[in-house]
Amino acid sequence: MMEAVADSLPETFLIRLKRLVSIRNERYAELNAEGLAMVDRSIFSIFRDCEREGLSKEARDILGSARSEDQVPAAPLVLG
Numbered sequence: 618m619m620e621a622v623a624d625s626l627p628e629t630f631l632i633r634l635k636r637l638v639s640i641r642n643e644r645y646a647e648l649n650a651e652g653l654a655m656v657d658r659s660i661f662s663i664f665r666d667c668e669r670e671g672l673s674k675e676a677r678d679i680l681g682s683a684r685s686e687d688q689v690p691a692a693p694l695v696l697g
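Counting from 1 along the sequence shown, just add 617 to a position and that's the residue number in this note's numbering.
Bear in mind the hints are in silico, worked out from the structure with no lab data behind them.
List of simulated lysine to aspartate or glutamate pairs, EDC-like, C-alpha gap at most 16 Å:
hint, residue 1, residue 2
1, Lys635, Asp666
2, Lys635, Glu675
3, Lys674, Glu628
4, Lys635, Glu668
5, Lys635, Asp678
6, Lys635, Asp657
Distance windows between CB atoms, simulated:
hint, residue 1, residue 2, range
7, Ile632, Met655, 15 to 23 Å
8, Arg677, Ala654, 15 to 23 Å
9, Ser682, Leu626, 17 to 25 Å
10, Ile640, Arg677, 14 to 22 Å
11, Glu628, Gly681, 16 to 24 Å
12, Ala646, Leu626, 31 to 39 Å
No experiment lies behind these values; they were computed from the predicted model shown. All residues carry an ideal CB built from backbone N, CA and C; glycine is no exception.
Given the sequences, and given the hints that come with them, work out the whole structure.
And the structure:
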């Protein structure tokens, strides 16, 4: 049972990252500076989780595809 959880954890991080990037893009105009910072910190935290799981490329692809499709507003997402 623990193996199944461990196997699905990396995928969970990628799903969360996609969702947070989507929230940032869809709600950007509604967020004040504090709200945007909170979402960005969450994205960064999940990004670091992805790095620890060996998913840096996949995580960067998620962030890069959002940027290349002009989904990310002018205020850039800063990854420490």
